[in-house]
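Listed in order, the protein sequences are those of chains A and B.
The first sequence runs 726 to 984 under our numbering.
The second sequence runs 726 to 984 under our numbering.
Because the hints were derived from the structure by calculation, they are not lab data.
Virtual Cβ for every residue (Gly too), placed ideally from N, Cα, C.
Careful, some of the hints might be misleading.
Stated by the list, open to error - The calculated label-pair distances, taken between Cβ atoms and stated as ranges, are:
id, chain 1, residue 1, chain 2, residue 2, range
1, A, Q928, B, E926, 42 to 48 Å
2, B, K883, A, R875, 51 to 57 Å
3, A, T949, B, D921, 53 to 59 Å
4, A, Y935, B, E792, 25 to 31 Å
5, B, T949, A, K731, 22 to 28 Å
6, B, T923, A, K906, 54 to 60 Å
7, B, N756, A, G948, 40 to 46 Å
There are 2 protein chains.
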Amino acid sequence: MRSKKKPLILITNDDGFTALGIMALVKAVENFGEIMVVAPDKPQSGMGHAITINNPLRIHKTHYFGEHLAYNCSGTPVDCVKIGIFKLQQENRKPDLILSGINHGSNVSTNVLYSGTMSAAIEGALSGIPSIGFSLLDYDLEADFSVAVRFVKQIVQKAIENPMKEGVCLNVNIPKLPLEKIKGIKVAKQARAFWDDTFDERQDPLKKKYYWLAGEFHNYDKGTDTDMWALDNGYVSIVPTQYDLTAYNSIETAKNLFE
Amino acid sequence: MRSKKKPLILITNDDGFTALGIMALVKAVENFGEIMVVAPDKPQSGMGHAITINNPLRIHKTHYFGEHLAYNCSGTPVDCVKIGIFKLQQENRKPDLILSGINHGSNVSTNVLYSGTMSAAIEGALSGIPSIGFSLLDYDLEADFSVAVRFVKQIVQKAIENPMKEGVCLNVNIPKLPLEKIKGIKVAKQARAFWDDTFDERQDPLKKKYYWLAGEFHNYDKGTDTDMWALDNGYVSIVPTQYDLTAYNSIETAKNLFE
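Just chain A, same shape as in the assembly (with noise of 0.2 Å):
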């Protein structure tokens, strides 16, 4: 990634290749590299970690990036990751860096699990990429992205020169201010906060229930080292992710118990 060479960015979101977030994506890293975009067919939000498994791919050629390469699939944004690898491997390439979003919406704290955004960053550190996923808290639409591109440019172009260590991707959230609010980056933990689900019944035309997933999230952590508290006081938030999902500190306990 140092070599003289532009570095070569995959590109994915989970809010689907006609989002706005993803086009401001692409336009704030394409002098930055070579672009080529593979990004789901329809909204792929909530979609996790999940691959398509029991169905097969389509992906189609796009041209909705004007010069630059484009797919859109069929599939989750992990399957856009591992598909958009895999047809740069039967080119003897490889991406130097993969990036995800700009999601319409946070994916703060725990969110990260349910997150095809984020999922689709981890896939590529799994692949031993340096990935980054971009979340701007505004889940409109029609978002205005001109804010978070500055962070984005300053972001990439800092991963670009010094990636993280393999294995270890960055979760970026971005406060919905405008910029002269934006108190500057801060680097922090996933804040232990959690959904209060419920589930709206409701009855089809048929009368039949049916329930929607609604709830609330509730931020149990009061510490100040936190992606939640830094998006509250004003701060772009980058966590640094990895996918061990050891819990190392009862490693002992249960040795102790089924050992």
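Fit chain B to the supplied structure of chain A, relying on the hints for placement.
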């Protein structure tokens, strides 16, 4: 959970409610507590931590599990956990234990991220409820779960008496071996092992291309403290598993770079 009242056990899986593995799990633990099953109405392997947010969910009571209260659900394994907890909340009850599986096939190492079985257990941990995912290293739909059931009973009994600390669930994988060949239980970490993905390119009858995800799983971890080592050497593996993906040992590097 240590009161004299029987624990309330919520059971799900990712192979769907008709799979032999979940029936074996229900039978294994039915004497340990009161059972409620909420399982997908169709196979949901590889769904990871996906949740259904763009569609409503349907749930239907099923008598498939005899006297036990049981529902099938149109959603993912994580949806099943969420709606199971919600249905119980309506009666002012909360599960004491969440069990997922027994999966038809391995969920070792980084497969924990793709696994619907383990994502259900992780969702349980997010809800502050002791949770365990069980997998047998046999993908056969007609797999023999009789040996697995012995370990399920032993592990669930101990987990009821001594729950892990809040936020930590267990990833249990059981080798496909006769009982006398199994050496015991090893508590382990997630091996550093990854899929080398390939896609089978095929043509449909209309001459359009489609792709099947394929590939091979490679263990790059030489350690003897991993789940894959344990299974390769005839042990049942247990990995204590958490939902905090923060890469704490990269926080300083990231602070120096981005703040």
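For each hint, the structure was consulted:
no. : hint                           : in the structure
1   : A:Q928 with B:E926: 42 to 48 Å : holds, 46 Å
2   : B:K883 with A:R875: 51 to 57 Å : holds, 54 Å
3   : A:T949 with B:D921: 53 to 59 Å : violated, 42 Å
4   : A:Y935 with B:E792: 25 to 31 Å : holds, 27 Å
5   : B:T949 with A:K731: 22 to 28 Å : violated, 43 Å
6   : B:T923 with A:K906: 54 to 60 Å : violated, 48 Å
7   : B:N756 with A:G948: 40 to 46 Å : holds, 43 Å
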